[in-house]
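4 protein chains.
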Amino acid sequence: MDGLKLTLKQHHTQQTCFSVGDITIGRDFTLIAGPCSIESEKQALSTAFMVKEAGANIFRGGAFKPRTSPYSFQGLGEQALKILNLVRQETGLPVVTEIMDPRHVGLVAEFADILQIGTRNMQNFPLLREAGQTGKPILLKRGVYATLQEWLSSAEYILSEGNPHVILCERGIRTFEPYTRNTLDLSAIPALKEITHLPVIADPSHGTGRASLVPSMSLAAVAAGADGLIMEVHYKPEEAASDKDQALSPALFRQSARDILDLYRYLHIPKKGP
Amino acid sequence: MDGLKLTLKQHHTQQTCFSVGDITIGRDFTLIAGPCSIESEKQALSTAFMVKEAGANIFRGGAFKPRTSPYSFQGLGEQALKILNLVRQETGLPVVTEIMDPRHVGLVAEFADILQIGTRNMQNFPLLREAGQTGKPILLKRGVYATLQEWLSSAEYILSEGNPHVILCERGIRTFEPYTRNTLDLSAIPALKEITHLPVIADPSHGTGRASLVPSMSLAAVAAGADGLIMEVHYKPEEAASDKDQALSPALFRQSARDILDLYRYLHIPKKGP
Amino acid sequence: MDGLKLTLKQHHTQQTCFSVGDITIGRDFTLIAGPCSIESEKQALSTAFMVKEAGANIFRGGAFKPRTSPYSFQGLGEQALKILNLVRQETGLPVVTEIMDPRHVGLVAEFADILQIGTRNMQNFPLLREAGQTGKPILLKRGVYATLQEWLSSAEYILSEGNPHVILCERGIRTFEPYTRNTLDLSAIPALKEITHLPVIADPSHGTGRASLVPSMSLAAVAAGADGLIMEVHYKPEEAASDKDQALSPALFRQSARDILDLYRYLHIPKKGP
Amino acid sequence: MDGLKLTLKQHHTQQTCFSVGDITIGRDFTLIAGPCSIESEKQALSTAFMVKEAGANIFRGGAFKPRTSPYSFQGLGEQALKILNLVRQETGLPVVTEIMDPRHVGLVAEFADILQIGTRNMQNFPLLREAGQTGKPILLKRGVYATLQEWLSSAEYILSEGNPHVILCERGIRTFEPYTRNTLDLSAIPALKEITHLPVIADPSHGTGRASLVPSMSLAAVAAGADGLIMEVHYKPEEAASDKDQALSPALFRQSARDILDLYRYLHIPKKGP
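Protein chains in written order, with my numbering: chain R, 1 to 274; chain H, 1001 to 1274; chain W, 2001 to 2274; chain D, 3001 to 3274.
Any given hint might turn out to be false.
Said to hold, decoys possible - Ranges of calculated distance between the beta carbons of each label pair, as one might list FRET restraints: (1) 2266/W to 3082/D: 40 to 50 Å; (2) 3266/D to 1133/H: 50 to 60 Å; (3) 73/R to 2072/W: 50 to 60 Å; (4) 28/R to 1049/H: 39 to 49 Å; (5) 2001/W to 1002/H: 41 to 51 Å; (6) 3238/D to 1011/H: 51 to 61 Å; (7) 2010/W to 1017/H: 49 to 59 Å; (8) 1265/H to 15/R: 21 to 31 Å; (9) 1003/H to 3082/D: 27 to 37 Å; (10) 1178/H to 2001/W: 31 to 41 Å; (11) 2015/W to 3178/D: 24 to 34 Å.
Quick caveat, the hints were computed from the structure, so don't treat them as lab data. Ideal Cβ positions, reconstructed from N, Cα and C, are used throughout, including at glycine.
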């Protein structure tokens, strides 16, 4: 891992921790949940109250959506940012949303608690620098084609702007397997724990592309040592404007969140002696 | 999943279970451990007693080794089979070893309780048929390039010979990532659980190629729903004749096996009510 | 190929052709050559005169460089744009250079004849839209992970802004092979010729990462039906500030260009009868 | 390229050449053509006469077919070997056919002039050894997942049995692209020419899986430096028992063979001076 000055463990012996809302990322388990896209006030608020009650501590929702086709739904943009603001006020949950354009970073940073850089922009260097300069926590997803070294080099762009608050998010790499949308590389979690001091979370929704696989892969990510998860939940998955195959229903999310948090406690809370 | 008559869940509604030694594979947790290669009586026996005491219920060890180079150690062959026989007699553990050549299948079947077909031979169709005809349980590893459909088609070759006792073993696929030897595709576990009635285990040793990642990825595989694990253990990893970077030491295996079995019980044994 | 309205052949039966400098791209063979990065006036001018004399009809040179590490040479920026302007004035060659940031597109469009969107930005949608709006010809490289469908969807972003002047550039995909930097997918050329009316060129320099393979792969691209090539040439490859392993020396480029142009004429100029 | 003693150029400075029928492989252009599977005397003979007339100098046809599914057509076996024998007698063309099982190698070697080891068996080490011992020329296809180093290590297995007559055949690697069946890695051709003294040919039929791409990719392989090609031709592609999408019709093959042989002569026969 040549050329990495700030992201390696050897240069910063303590695990990076920082507060967002009521939790300390890197120390407390981070459960981020919400819809792929913000579609309406009603959709956002009802989903947010539900995921909060089920144990989520951060809300996610897309305002500017990177879509493969120019003719697909591109997100509600600024209107969605206002809805995210409302969600925060009403539920108390911090919010994370994606940035795609360096010209929008300032605007999004006014409304969001965490800025997400998506898989397609992992090596969008002007965006990385601009995000770094906001000082806001950055959730940096892995490119579907990216080695761990390249991913950490992208994190290094943010840290080198003076912003140490980066969360790495494994969200699946591209392979030849058609059954899943991507191949969630859970070995990246313990590997990164060996290499870097930054917190690492997993996205089993994009990682598999199939709601039926999300609960198992969430538990697997926790067992692999993830500091958190980001999961897609929609109050009516079959009506979602994007990525409906991978969104959990409220019922499925409630059960899954319970299992996830129980497993995290089982693994991390010291057992009492006799 | 076209063209699969025997391996799909829809054709066989019950999970496949069968006895090997004292356990029922597909129902009890299967913990297979041992060295990559059988190197000597002493190495095999001491490792076998150790892994048994730590909780393993099947012993693994290579007699005929598929090696990329013709000049690498090719295994002790028939001598190793006799050592495996001795291990079974002395420890009571059933043994699994790899077959590579259809002409050796009968010989190996005399000595081994389970026949392994390795990743390079997943589509060695004469070998699959020959293995099927023995009636012995077959541990079928996934090809590093194989889709789930292709893997199940190879299982179908064995089942179509009248042998229903197949264990599928996810052992990592080939991707562009150099940090790990392969990329262990844990999503294959819940995916296969949706598709097939066959038991599914994982090989975190070949899946990662790094001993330091094996404990975490073992727990992750259990959390993903694996019916078992196959792990490389060597009493002196630094002296192993093959694959020394991925072998656990006895101390590391003992700790890891305890954590694995505890997690399995946590996940599968119903919690008592108040 | 769903959701593509403008890039498919079925919607636009004639091959797209447009003039840049003295040539018509899509009809004449396009030979783009020059250094990875513009390093100085002297380096740029001397390379430009040389490649022109050898048969190149467009000059390439990076001003803003997308580099994996924040600590690598990032290009001379605006100073390089002025050098490119000088190259055009002195040699008469049109110039192509990469854009990375939507905020720089207007500036770069003042100086460059063709705007390049690199592999890391193939799905940088704000950049695609901004580039589309300039009306300038766009050289769109394939993402190292991108399917043909995704690549054409990115072209569709540009065309849907009213800009039909897109050149597709195959530059290698990421695979497991370590001998080459990428795997140049030449089958993309005849495949795209079946699907789209846009011109298609190849980049054997990034596609292989090894100067020794560039001449053969250039000929292969021409034989596969490419409308042109983009090649890295440096007057002293061993002193190049970036990508020195893949740059051709002047002597090697001269020989290679001669062979390329001869082969193109052999394949495309009708043979006379007896 | 560690551990390769016999296949590297540095150990054997002359290009390997050997006679098969009327040609010297490694020196003359090798054009192998014929159907995927031998289906009948009539199909084999009529195809063989046609490809010979069109310029092919070796006939191919499968007797034992490696099929993903146990329920697919498995080839006519010994009956097909007799048909191949007849083809040789009637047309004078040498024949190549695939071996899958070490127990059949002796039998196939009685009938075939070249033994093919297919992509799925590239690391079937007992088969490699057995094939090496026959002393017959071996056409060794690349595994869809294999690095150049691994492929050459498999060739080394054959050479280390005392058989220097190996032809390497690039036939496409597995990537994420669904438009083509595989991705034909033509850069393997000049790369192998740097590394090894063995002849290298390409298989554009399996490499693309689409008959429409075969002519272009054949020319590209020749331009990349291939010593030959192996192509699937069927007198009625739509009725082929296997791989019908990639088989050329007689008309298409005749045109393609003419273009291929013309291009080879253009590239390899010294131009006369003025």
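Outcome of the hint check:
| no. | hint | in the structure |
| --- | --- | --- |
| 1 | 2266/W to 3082/D: 40 to 50 Å | holds, 44 Å |
| 2 | 3266/D to 1133/H: 50 to 60 Å | holds, 55 Å |
| 3 | 73/R to 2072/W: 50 to 60 Å | violated, 37 Å |
| 4 | 28/R to 1049/H: 39 to 49 Å | holds, 43 Å |
| 5 | 2001/W to 1002/H: 41 to 51 Å | violated, 24 Å |
| 6 | 3238/D to 1011/H: 51 to 61 Å | violated, 32 Å |
| 7 | 2010/W to 1017/H: 49 to 59 Å | holds, 54 Å |
| 8 | 1265/H to 15/R: 21 to 31 Å | holds, 29 Å |
| 9 | 1003/H to 3082/D: 27 to 37 Å | holds, 30 Å |
| 10 | 1178/H to 2001/W: 31 to 41 Å | holds, 34 Å |
| 11 | 2015/W to 3178/D: 24 to 34 Å | holds, 25 Å |
When held up to the earlier numbered hints, the structure conflicts with 3, 5 and 6 and fits the remainder.
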